[in-house]
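Here are the chains, one letter per residue:
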Amino acid sequence: MRVDARLAHEPFAPEQELAGFIAEGTGAIASFTGLARPTTKEGMPIHRLFLDHHSRLTQRSLNDIAASAERFGVEAVRVVHRCGEIAPGEAIVFVAAAAAHRRAAFDAVDYLMDRLKTDALFWKREDGVDGSRWIEPTEADRADRARWSG
Amino acid sequence: MARIAFYGRLAERFGREVVLDLPDEGCTVADLRACFEALDAATIRACVNDEMAGEQALVRPDDRVDFLPPLSGG
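Chain order of the listed sequences is Y and E. All residue numbers for the first sequence refer to this note's numbering, where the first residue is 1 and numbers rise by one. All residue numbers for the second sequence refer to this note's numbering, where the first residue is 1 and numbers rise by one.
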């Protein structure tokens, strides 16, 4: 399996990531792109997101999570995850998987996103008009992650 | 000198890094937690020299310790 996991310190273009991944892949390709939301869950405007990271362990966590998609028998995966200051509308995360058939590609992308939400070494802060707050995994995030146990 | 690093909300509270002068024989992760408020072992994980470490792991004077609050990527 080919694994490409990258920590992006600057904005990246998910459409270019997908185009490059498609050019390398065969069969079925699934992808997911996460964008920074313009509002909090309560609907208040967000000026920016800040994603804190660890200078070595964050990249290691991306490598480990991406490599663990091998359980789905996919041929290749790509993970790109931003860190630092992120403006609303900018891409935070891009995940893609290539497989011989679509089900494995869909499952690998779904799995990778659930792992990234709870296991990648990032700490997310929303800076909005009503102040700043650190985001922590919700019970729903943990439940999503637990779907892949066992 | 041991370097103690903090992330996320902990970095806002304590700064990114604190340098501590430890005794030659070192101390445990649990001992270090006791030096700071709000480092609950149930939710804040510790790494010693880039490896996850338990409460009784030894921290030597030249080690680096990272305290990691709950993660939120994706």
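Since the hints were made in silico from the structure, they are not lab data. Possibly wrong hints are sitting among the right ones.
To be verified - FRET-style restraints, in silico, Cβ to Cβ:
1) E:Asp-50 with Y:Gly-84: 16 to 24 Å
2) E:Gly-26 with Y:Met-1: 24 to 32 Å
3) Y:Arg-133 with E:Glu-17: 33 to 41 Å
4) E:Asp-62 with Y:Met-44: 42 to 50 Å
5) E:Cys-35 with Y:Ile-22: 38 to 46 Å
6) E:Ala-38 with Y:Ala-143: 44 to 52 Å
7) E:Arg-60 with Y:Arg-60: 18 to 26 Å
8) Y:Arg-102 with E:Glu-25: 52 to 60 Å
9) E:Asp-21 with Y:Arg-60: 41 to 49 Å
10) Y:Ala-140 with E:Asp-24: 46 to 54 Å
11) E:Asn-49 with Y:Arg-102: 38 to 46 Å
12) E:Phe-36 with Y:Arg-133: 39 to 47 Å
Claimed, not checked - Short, incomplete list of chain E residues facing chain Y, as computed with Cβ under 10 Å:
13) Met-1
14) Ala-5
15) Ala-30
16) Ala-42
All C-beta atoms in this analysis are idealised placements derived from N, C-alpha and C, irrespective of residue type, glycine included.
For each hint, the structure was consulted:
1. E:Asp-50 with Y:Gly-84: 16 to 24 Å: holds, 21 Å
2. E:Gly-26 with Y:Met-1: 24 to 32 Å: With a Cβ separation near 41 Å, E:Gly-26 and Y:Met-1 fall outside 24 to 32 Å, so the hint is violated.
3. Y:Arg-133 with E:Glu-17: 33 to 41 Å: violated, 23 Å
4. E:Asp-62 with Y:Met-44: 42 to 50 Å: Once the Cβ atoms are compared, 46 Å apart, the range 42 to 50 Å for Y:Met-44 and E:Asp-62 holds.
5. E:Cys-35 with Y:Ile-22: 38 to 46 Å: violated, 52 Å
6. E:Ala-38 with Y:Ala-143: 44 to 52 Å: violated, 27 Å
7. E:Arg-60 with Y:Arg-60: 18 to 26 Å: Once the Cβ atoms are compared, 22 Å apart, the range 18 to 26 Å for Y:Arg-60 and E:Arg-60 holds.
8. Y:Arg-102 with E:Glu-25: 52 to 60 Å: Roughly 59 Å apart at Cβ, these two residues keep to the hinted range, so it holds.
9. E:Asp-21 with Y:Arg-60: 41 to 49 Å: Because 29 Å falls outside the window, the suggested range is violated.
10. Y:Ala-140 with E:Asp-24: 46 to 54 Å: For E:Asp-24 against Y:Ala-140, whose Cβ atoms are near 48 Å apart, the range 46 to 54 Å holds.
11. E:Asn-49 with Y:Arg-102: 38 to 46 Å: holds, 43 Å
12. E:Phe-36 with Y:Arg-133: 39 to 47 Å: violated, 21 Å
13. Met-1: With Cβ-Cβ at 19 Å, over 10 Å, it is violated.
14. Ala-5: Because about 8 Å separates E:Ala-5 from the closest Cβ in chain Y, which is inside the 10 Å limit, the hint holds.
15. Ala-30: Because about 21 Å separates E:Ala-30 from the closest Cβ in chain Y, which is outside the 10 Å limit, the hint is violated.
16. Ala-42: This interface hint is violated because 13 Å lies over the 10 Å limit.
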